[in-house]
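Asker: The chain contents come next:
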Amino acid sequence: MNLRRFPVMREISIAVLVFLYVPVIVLTVYSFNANRTATVWTHASFDWYLRILANPSIRAATWNSIVLAGTSATAATLIALLAALATRRAFPGRDTTETLLRLPLILPEIVVAVATLLLFVSLGVSLGLGAMIAAHTAFCIPFAYLPIRARLDGMSGSYEEAAQDLYADRFRTFRRVTMPLLWPGVMAGFTLAFVTSLDDFLTSFFLSGPGTTTLPVYIFSAIRAGITPEINAISTVMLVISILLVSLSFFLGQLRR
Amino acid sequence: MTDAHAVTIETVSKSFGRGQSAVRVLDNVSVAIGRREFFTLLGPSGCGKTTLLRLIAGFETADGGTIRIEGADLTKAPPFHRPVNTVFQSYALFPHLTVEQNVGFALEEQGLPREEVRRRAGEALEMVRMQAFARRRPSELSGGQQQRVALARALAPRPKVLLLDEPLSALDLKLRKAMQIELKQLQAEAGITFVFVTHDQEEALTLSDRVAVMQGGRILQMGPPRSIYEAPTHRFVADFIGDINLIEAEALAGGGVRLAGGGVVPVPGATPGRVTLAIRPERARMVAPGAGVVDATLVHSAFLGTAMLHKLELPDGGSFLIREADLSAPMPERGGRVGLCLPAEALQVMQA
Ligand SMILES: Nc1ncnc2c1ncn2[C@@H]1O[C@H](COP(=O)(O)OP(=O)(O)OP(=O)(O)O)[C@@H](O)[C@H]1O
Ligand SMILES: [Mg+2]
Chain A
1 MNLRRFPVMR
11 EISIAVLVFL
21 YVPVIVLTVY
31 SFNANRTATV
41 WTHASFDWYL
51 RILANPSIRA
61 ATWNSIVLAG
71 TSATAATLIA
81 LLAALATRRA
91 FPGRDTTETL
101 LRLPLILPEI
111 VVAVATLLLF
121 VSLGVSLGLG
131 AMIAAHTAFC
141 IPFAYLPIRA
151 RLDGMSGSYE
161 EAAQDLYADR
171 FRTFRRVTMP
181 LLWPGVMAGF
191 TLAFVTSLDD
201 FLTSFFLSGP
211 GTTTLPVYIF
221 SAIRAGITPE
231 INAISTVMLV
241 ISILLVSLSF
251 FLGQLRR
Chain B
1 MTDAHAVTIE
11 TVSKSFGRGQ
21 SAVRVLDNVS
31 VAIGRREFFT
41 LLGPSGCGKT
51 TLLRLIAGFE
61 TADGGTIRIE
71 GADLTKAPPF
81 HRPVNTVFQS
91 YALFPHLTVE
101 QNVGFALEEQ
111 GLPREEVRRR
121 AGEALEMVRM
131 QAFARRRPSE
141 LSGGQQQRVA
151 LARALAPRPK
161 VLLLDEPLSA
171 LDLKLRKAMQ
181 IELKQLQAEA
191 GITFVFVTHD
201 QEEALTLSDR
211 VAVMQGGRIL
221 QMGPPRSIYE
231 APTHRFVADF
241 IGDINLIEAE
251 ALAGGGVRLA
261 GGGVVPVPGA
271 TPGRVTLAIR
281 PERARMVAPG
291 AGVVDATLVH
301 SAFLGTAMLH
311 KLELPDGGSF
321 LIREADLSAP
331 MPERGGRVGL
341 CLPAEALQVM
351 QA
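Those protein sequences? They're chains A and B, same order as listed.
Counting in UniProt numbering, the first sequence runs from 1 upward without gaps.
Counting in UniProt numbering, the second sequence runs from 1 upward without gaps.
Derived by calculation from the structure, the hints in this document are not laboratory data.
Honestly, I wouldn't trust all of these hints.
Not the full set, but computed from the structure, chain A residues with beta-carbon under 7 Å of chain B [said to hold, decoys possible]:
1. 16
2. 19
3. 35
4. 169
5. 251
In silico SDA-like pairs for lysine to any residue, Cα to Cα no more than 25 Å straight-line [to be verified]:
6. B:311 with B:222
7. B:160 with A:161
8. B:76 with A:89
9. B:76 with A:174
10. B:311 with B:253
11. B:160 with A:170
12. B:76 with A:201
13. B:160 with B:94
14. B:76 with B:22
15. B:76 with A:91
16. B:76 with A:170
17. B:76 with A:184
18. B:311 with B:273
19. B:177 with B:90
20. B:76 with A:158
21. B:174 with B:268
22. B:160 with B:244
23. B:76 with A:202
24. B:76 with A:86
25. B:160 with A:91
These figures come from a predicted structure and were not determined experimentally.
Ideal Cβ placement from N, Cα and C applies to all residues, glycine included.
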């Protein structure tokens with residue numbers, strides 16, 4: 001049966017798309033509204049963007065988000081790279097290891113966040129940037145792992161055999177052949193992990209300490225005081241960065257296939 | 001210890017898998033390949049040719065036996081310690097490096113100075129007439145060009161032995177014929193031992209100094225192309241290489257072999273019992289009925305351009321091919337009776 005022939009299918013699809021994208025578009029448009037009342041349009045301006053640049057809390061939250069995402073994504077990518085290389089050859093328990101590596105993708109985040117919070121509290125670990133980096137690294141691993149793994153699976157083992165045949169030992173083979181061929185996958189994995197950490201609210205909210213507010217946490221606390229055009233502007237910035245980074249990750253994943 | 005051989009393989013076996021599901025891919029294989037020899041492994045798909053090549057290159061380790069290269073026991077040595085280079089079936093050119101960097105790869109690994117690397121990579125590319133493509137990426141080359149680069153890359157470090165796994169199989173027929181000639185010339189010029197894998201019997205016969213015919217992980221017969229072609233010792237070898245007539249017969253106690261429904265041919269040396277006689281189509285002749293060792297019926301004749309191919313039916317129902325190069329020879333009518341002359345020196349007796 002062709003679903004497109006089904007009478008109301010077309011209408012339903014349009015409704016879903018409108019429902020998905022209209023709020024985002026409205027938010028973006030109103031971030032350029034000169035009027036302070038978020039729902040009354042007067043004329044276009046960049047005021048709110050200049051305003052958020054000058055806001056010290058937003059600047060601190062941005063800096064925290066970048067440090068957190070940069071550190072967690074780097075650590076997660078390193079671990080994912082080692083895991084992908086280690087699970088290349090068959091060994092007993094390989095399937096289990098792979099499942100465990102991908103599992104965090106489907107675990108409910110609230111459960112993991114609460115569990116992590118309980119763990120850190122019971123261990124006496126103080127909340128703050130350190131705890132956040134540890135937790136973010138953990139949930140970013142599968143996002144870094146998948147593109148690297150895809151790259152590795154698509155790579156013929158004969159390149160490495162050829163390198164060894166041409167007198168490169170294992171280390172030189174890794175440096176001159178494996179790594180350069182794997183590089184786009186590693187970058188794609190890093191980018192994806194970075195976005196994932198950047199956009200995370202729940203885990204950061206549970207684990208942040210004084211002075212370690214991230215952008216999503218800042219936005220959440222700010223809207224309790226009412227929706228302001230600054231929120232629209234900062235949300236738009238996050239939206240654009242996320243779209244750019246995810247596109248970059250996708251592009252890197254497709255590179256020189 | 002000095003060794004006159006480039007590669008010596010002694011009683012090498014190899015199985016894949018463990019326990020119940022283990023498959024023995026090579027079974028007690030022994031070969032000695034001479035210096036500067038063009039040696040070919042020939043056999044049907046899955047007979048273990050690639051596995052044997054990979055054992056010589058060091059990508060697989062033998063379960064038992066020894067592999068020596070220029071006299072040195074390298075059975076356990078990793079690939080990067082073997083003076084051997086491989087031309088892969090898929091070429092395996094590094095996609096992130098230029099043609100020149102590909103060819104210079106091994107030279108850099110050997111620690112040669114940059115100038116020397118460039119000079120020798122250039123030389124190797126010149127040898128395969130690819131110097132004009134030095135700055136391109138492999139993805140910007142045609143199949144035939146990639147093949148040449150793969151060859152240049154493997155030859156650049158001047159290995160003692162070059163291993164080639166069906167290097168021509170991805171090329172179309174015309175290019176393939178041209179590359180065959182080039183390969184043979186290159187081998188003669190470079191003075192390197194070639195171990196060549198193919199499942200194309202014609203290619204094997206044209207190129208090789210010696211051919212080993214493999215089946216099911218064993219070498220059935222090994223020798224110069226001519227002796228493999230003219231004196232196959234196994235039915236499988238006879239069947240695999242070129243057209244051949246196989247006739248069921250019986251070896252007699254007093255010497256000689258009796259054909260089913262026919263006379264006795266005087267071939268010596270067969271142990272009495274059931275045997276198979278083998279003869280190439282171009283070695284048998286048609287004579288007047290009754291004048292040959294057995295009479296047959298002419299079923300069909302076809303003109304091949306340089307010869308006639310006659311298909312005959314034997315009294316026991318078996319078919320028989322004759323290739324007649326003399327186009328002026330008298331041609332019997334279709335359906336007519338003819339005598340079959342089988343010269344004793346052209347007959348090969350194989351225990352059935
Ligand atoms: N890594 C492996 N694991 C398990 N079985 C293998 C492995 N490599 C090869 N084999 C098996 O060993 C046998 C011989 O393989 P091999 O590649 O040597 O054949 P081949 O003669 O090169 O065939 P072809 O002409 O098709 O290339 C095959 O039955 C194959 O399935
Ligand atoms: Mg093969």
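Asker: Against this structure, judge whether each hint is valid.
Answerer: Going down the list of hints, with the structure as the test:
Contact between residue 16 of chain A and chain B, as hinted, is not supported at the beta carbon level, the nearest pair being about 41 Å apart and thus beyond 7 Å. Look at residue 19 of chain A: its Cβ only gets to about 44 Å from chain B, farther than 7 Å, so that hint breaks. About 54 Å separates the beta-carbon of residue 35 of chain A from the nearest beta-carbon of chain B, more than 7 Å, and the hint is not met. With a cut of 7 Å, the hint placing residue 169 of chain A at the interface with chain B holds, because the nearest CB-to-CB distance is about 5 Å.
Contact between residue 251 of chain A and chain B, as hinted, is not supported at the beta carbon level, the nearest pair being about 17 Å apart and thus beyond 7 Å. Under the criterion of a C-alpha separation no larger than 25 Å, the hint pairing residue 311 of chain B with residue 222 of chain B is inconsistent with the structure, at around 31 Å. As the CA atoms of residue 160 of chain B and residue 161 of chain A are separated by approximately 19 Å, the hinted pair is consistent with the 25 Å bound. A distance of roughly 20 Å separates the Cα atoms of residue 76 of chain B and residue 89 of chain A; the hinted pair therefore holds under the 25 Å criterion.
Restraint check for residue 76 of chain B and residue 174 of chain A: satisfied, since their Cα atoms lie roughly 21 Å apart, inside the 25 Å limit. About 32 Å separates the Cα atoms of residue 311 of chain B and residue 253 of chain B, which puts this hinted pair outside 25 Å; it is violated. Restraint check for residue 160 of chain B and residue 170 of chain A: satisfied, since their Cα atoms lie roughly 22 Å apart, inside the 25 Å limit. About 55 Å separates the Cα atoms of residue 76 of chain B and residue 201 of chain A, which puts this hinted pair outside 25 Å; it is violated.
Proposed proximity of residue 160 of chain B and residue 94 of chain B is supported: the alpha carbons are some 23 Å apart, at most 25 Å. With a CA separation close to 21 Å, the supplied pair residue 76 of chain B and residue 22 of chain B stays within the 25 Å bound. The suggested pairing of residue 76 of chain B with residue 91 of chain A holds, with an alpha-carbon distance near 22 Å, which does not exceed 25 Å. The hinted pair formed by residue 76 of chain B and residue 170 of chain A meets the criterion: a straight-line CA distance of about 16 Å does not exceed 25 Å.
Restraint check for residue 76 of chain B and residue 184 of chain A: the C-alpha separation of about 35 Å exceeds 25 Å, so the hint is violated. For a cut-off of 25 Å, the pair hint linking residue 311 of chain B to residue 273 of chain B is broken: about 28 Å separates their Cα positions. Using a Cα cut-off of 25 Å, the hinted pair residue 177 of chain B and residue 90 of chain B holds, with the two alpha carbons roughly 19 Å apart. Restraint check: the Cα-Cα separation between residue 76 of chain B and residue 158 of chain A comes to about 20 Å, which is no more than 25 Å; the hinted pair holds.
Among the hinted pairs, residue 174 of chain B with residue 268 of chain B is inconsistent with the structure: their alpha-carbon atoms are about 44 Å apart, more than 25 Å. The suggested pairing of residue 160 of chain B with residue 244 of chain B is violated, with an alpha-carbon distance near 37 Å, which exceeds 25 Å. The suggested pairing of residue 76 of chain B with residue 202 of chain A is violated, with an alpha-carbon distance near 55 Å, which exceeds 25 Å. A distance of roughly 24 Å separates the Cα atoms of residue 76 of chain B and residue 86 of chain A; the hinted pair therefore holds under the 25 Å criterion.
Annotation: proposed proximity of residue 160 of chain B to residue 91 of chain A is violated, straight-line Cα distance about 36 Å (limit 25 Å).
Checked against the numbered hints given earlier, the structure breaks hints 1, 2, 3, 5, 6, 10, 12, 17, 18, 21, 22, 23 and 25 and satisfies all the rest.
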